[in-house]
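So the sequence lines, in the order shown, correspond to chains Z and A.
Reminder that position 271 of the first sequence reads as 270 in numbering that gives the first Met the number 0, one-by-one numbering, no gaps.
Reminder that position 57 of the second sequence reads as 56 in numbering that gives the first Met the number 0, one-by-one numbering, no gaps.
No wet-lab data here; the hints were simulated from the structure.
Fair warning: there could be bad hints in the mix.
With a cut-off of at most 20 Å between alpha-carbon atoms, the simulated EDC-like pairs for lysine to aspartate or glutamate come out as follows [unchecked claim]:
id : chain 1 : residue 1 : chain 2 : residue 2
1  : A       : LYS148    : Z       : GLU8
2  : A       : LYS58     : A       : ASP9
3  : Z       : LYS105    : Z       : ASP170
4  : Z       : LYS114    : Z       : GLU143
5  : Z       : LYS125    : Z       : GLU10
6  : A       : LYS163    : Z       : GLU10
7  : Z       : LYS123    : Z       : ASP94
8  : A       : LYS148    : Z       : GLU206
9  : A       : LYS148    : A       : GLU133
10 : Z       : LYS125    : Z       : ASP96
11 : A       : LYS163    : Z       : ASP111
12 : A       : LYS163    : Z       : GLU122
13 : A       : LYS148    : Z       : ASP94
14 : A       : LYS148    : Z       : ASP177
15 : A       : LYS148    : Z       : GLU160
16 : A       : LYS148    : A       : GLU135
17 : A       : LYS163    : Z       : ASP212
18 : Z       : LYS142    : Z       : ASP94
19 : Z       : LYS125    : Z       : ASP212
20 : A       : LYS148    : Z       : GLU10
21 : A       : LYS58     : A       : GLU12
22 : A       : LYS148    : Z       : ASP212
23 : A       : LYS163    : Z       : GLU8
24 : Z       : LYS105    : Z       : GLU160
25 : Z       : LYS123    : Z       : ASP177
26 : A       : LYS163    : Z       : ASP11
Model, not experiment: these values are computed from the prediction.
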Amino acid sequence: MSTPDTMSEMEDRLRAALTARAEQVRPEHLAPLTPVVELRPRWQSPWVLIATAAVVLLVLGIVFQGVARDPRSDDVAPKPDERVELQLPADVGRDWDAGPESTPAKVDLDGDGTKETVDFLAEKTKNYDGRIRLQTTLSSTGKEAYGLMQVASTTIGMTAEGVIDADGDGDQELVVFDPDLDSTGGAPLVFDLRDGLLVQVVPEDPELLQRGDVQVPGSQTELYDRVRLHQYWISGGSLFSGRSEDSFARGGMDMVRPPAVVLESWEWRLGDDGVLRPEAAGCRELTFDVRPCGVDQSERVPDLGARVESFVGIGESAEVASGYPFSMRVEAGDPPVLVVEGPDGRTLRHELDVPDPLVATVQPESIFSDGESLVVTSASDPTLVQLLVQRDDRIVALEPVGEVPLENTDDNRTWLSETGSVVSAVADDDGSWQLWFWKMTSGNRAFALPGATVCFDDVDDPTSVRTC
Amino acid sequence: MGIGIEPSVDITELYAAHRLSLVRMAVLLVDDFASAEDVVQDAFTALARRPDAVKDPSKALAYLRASVVNTARSALRRRRTARAYSPPHDLSPPSPEDSAVLAEEHREVIEALHQLAPRQREVLVLRYWSNLSEAEIAQTLSISQGTVKSTASRALVALEKAMKSTTSSGKEER
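With the rest of the complex left out, here is chain Z (with noise of 0.2 Å):
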């Protein structure tokens, strides 16, 4: 029998060959329910023979009412049980190449004190994934060793991350990363030697350590998700990892989150099982590396930079130099037109719908950063705000949309920073702010990501916001 020669024909056949082994079970297979002691053998504990009895009575047409809570489904669906089985690698791949971009690891397996070195010999596919060997000649012995890895891309360089000895055993285990190429970034393989083989031994809990942005499930909006932080890293010989105690908006390409990122953390012991467990380790913090907690506090709170106070009105003009450069004047009119000039040579006018309209001489490089783009308030009414954008040959208004207004009230303040971010600070009855950060999103529109809640000392003043 062929193989399908494309994907749509694979998935055909796996339908049809799907469908077929499905009906072969056939109602008349299905054996009537039974008295609870012909149940197979491990339904043994009272608890369950309590339960199986009473699906016996359901059956018989007793009706359970549901009472209290409507939780989801998927939550309170039985786990998979808790124990984790290690597979020996098979004997495949000897004649694999080492990937070229790959840099063999250099790690004591047997615990003799000399350096095994590991190579990573790729398989070759079609698509760049599959199967890695890794091999090795134990210093000790001068046994061959071996192990094997699925990968999500075989064309990547495979370089150790580092090696920890996360049993105290004294020998070392390998920490390769697998970067997993869908969104949640990818997670560690560790291997270790058992009975001359090179064994991935397996974390207890998968999703706690893995490295990326990982969706808060349920999270998702029409405008934004969010997501927790996860990392993890090598220190001391033991391998640790981390989550986010918050969780961070994000849409499209952007993510609100401050310059450090509070962790819960753990170490991860290897036991005689081959099983990771973690180990609570207590607060870290995540900047570009993962320090202490504690450090400096301020970082906590994202740096809003101070508020643009220069702007332009009818009759006066500005060159904006900062990021797409370009110059802009307002000519008086009814309305007043904007006029801005780019380094293209283009010339775009843009009648201006608010009244005794000022422009901001700094550019929203937030909001978009592949043409002009203006902060636009009225001298005569604070609490207007527009945002405009260069779409083509013309200077379009994007419409505001999503959770908070487009205004600069009392107690909504909307505010241009020196840094390019157009922020509102939403007040809330205690005193603290709730931070949004516009974006553009299709269909010319912005929209608020949602932020910090923040304290302030002087709302005026974005440059004094704090932790509360």
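Chain Z is fixed; fit chain A onto it per the hints.
Below, chain A without anything else, positioned relative to chain Z:
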């Protein structure tokens, strides 16, 4: 008037309505009928044990489906352990339906399917047999939709590879 009485799950009805389809799904995951029946029985037992777990009847099938997938994975783990220490001929004899003829072209696919990682197999079964959406699969497996998409894509490639491998090794044997 029904005041104070909230909709509840009628397990008898669920059992009658979905047992066959769930056993069929379980067979695709664990590939033997006895285990599949056990897996589904476990799922109903779990539901009976927590009758308040699913108050909305419309969510009961999602609960049972997630339960079957998770229990099937546990069953496979147990089996993997057993196989590590027992020769293949010690496995239980095939059930009557196992011995029914499955066309060669389908058998190849099913054998390849069972060479995949459990998560890959689950995604393929839920997508191509249960016809669930990516969102429903994500909810069933407690993973993101992005992971569903990437897992499905890789699983198809792995399935094709496994089939080629099986085909070529079969030829060598001959």
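The hints, checked one at a time:
Under the criterion of a C-alpha separation no larger than 20 Å, the hint pairing A:LYS148 with Z:GLU8 is consistent with the structure, at around 18 Å. Taking the CA atoms of A:LYS58 and A:ASP9, the gap is about 12 Å. The hint holds against a cut of 20 Å. Restraint check for Z:LYS105 and Z:ASP170: the C-alpha separation of about 12 Å stays at or below 20 Å, so the hint holds. A C-alpha spacing of about 14 Å is found between Z:LYS114 and Z:GLU143, which places the hinted pair at or below 20 Å, so the restraint holds.
Note on Z:LYS125 and Z:GLU10: the hinted pairing holds, with a Cα-Cα distance of about 18 Å set against a maximum of 20 Å. Of the pairs offered as hints, the one joining A:LYS163 and Z:GLU10 holds, with about 15 Å between alpha carbons and a cut-off of 20 Å not exceeded. For the proposed pair Z:LYS123 and Z:ASP94, the alpha carbon gap of about 10 Å is at most 20 Å, so the pair holds. For the proposed pair A:LYS148 and Z:GLU206, the alpha carbon gap of about 18 Å is at most 20 Å, so the pair holds.
Taking the CA atoms of A:LYS148 and A:GLU133, the gap is near 7 Å; set against the 20 Å cutoff, the hint holds. Proposed proximity of Z:LYS125 and Z:ASP96 is supported: the alpha carbons are some 15 Å apart, at most 20 Å. At roughly 43 Å between alpha-carbon atoms, A:LYS163 and Z:ASP111 are farther apart than 20 Å, so this suggested pair is violated. Distance hint between A:LYS163 and Z:GLU122 is fulfilled; the C-alpha atoms sit about 15 Å from each other, no more than 20 Å.
Restraint check for A:LYS148 and Z:ASP94: the C-alpha separation of about 32 Å exceeds 20 Å, so the hint is violated. Under the criterion of a C-alpha separation no larger than 20 Å, the hint pairing A:LYS148 with Z:ASP177 is consistent with the structure, at around 18 Å. Restraint check for A:LYS148 and Z:GLU160: the C-alpha separation of about 28 Å exceeds 20 Å, so the hint is violated. For a cut-off of 20 Å, the pair hint linking A:LYS148 to A:GLU135 stands: about 12 Å separates their Cα positions.
The suggested pairing of A:LYS163 with Z:ASP212 is violated, with an alpha-carbon distance near 36 Å, which exceeds 20 Å. At roughly 18 Å between alpha-carbon atoms, Z:LYS142 and Z:ASP94 fall within 20 Å of each other, so this suggested pair holds. Proximity of Z:LYS125 to Z:ASP212 is assessed by CA-CA distance (about 29 Å); at most 20 Å being required, the pair is judged violated. A hinted pair counts as satisfied when its Cα atoms are at most 20 Å apart, and A:LYS148 with Z:GLU10 qualifies at roughly 14 Å.
At most 20 Å may separate the alpha-carbon atoms for a hinted pair to count; A:LYS58 and A:GLU12 meet this at roughly 14 Å. For the proposed pair A:LYS148 and Z:ASP212, the alpha carbon gap of about 17 Å is at most 20 Å, so the pair holds. The suggested pairing of A:LYS163 with Z:GLU8 holds, with an alpha-carbon distance near 14 Å, which does not exceed 20 Å. About 11 Å separates the Cα atoms of Z:LYS105 and Z:GLU160, which keeps this hinted pair within 20 Å; it holds.
With a C-alpha separation of about 17 Å, the suggested pairing of Z:LYS123 with Z:ASP177 holds against the 20 Å cut-off. A threshold of 20 Å between alpha carbons decides the hint, and for A:LYS163 with Z:ASP11 the separation of about 17 Å falls inside it, so the pair holds.
When held up to the earlier numbered hints, the structure conflicts with 11, 13, 15, 17 and 19 and fits the remainder.
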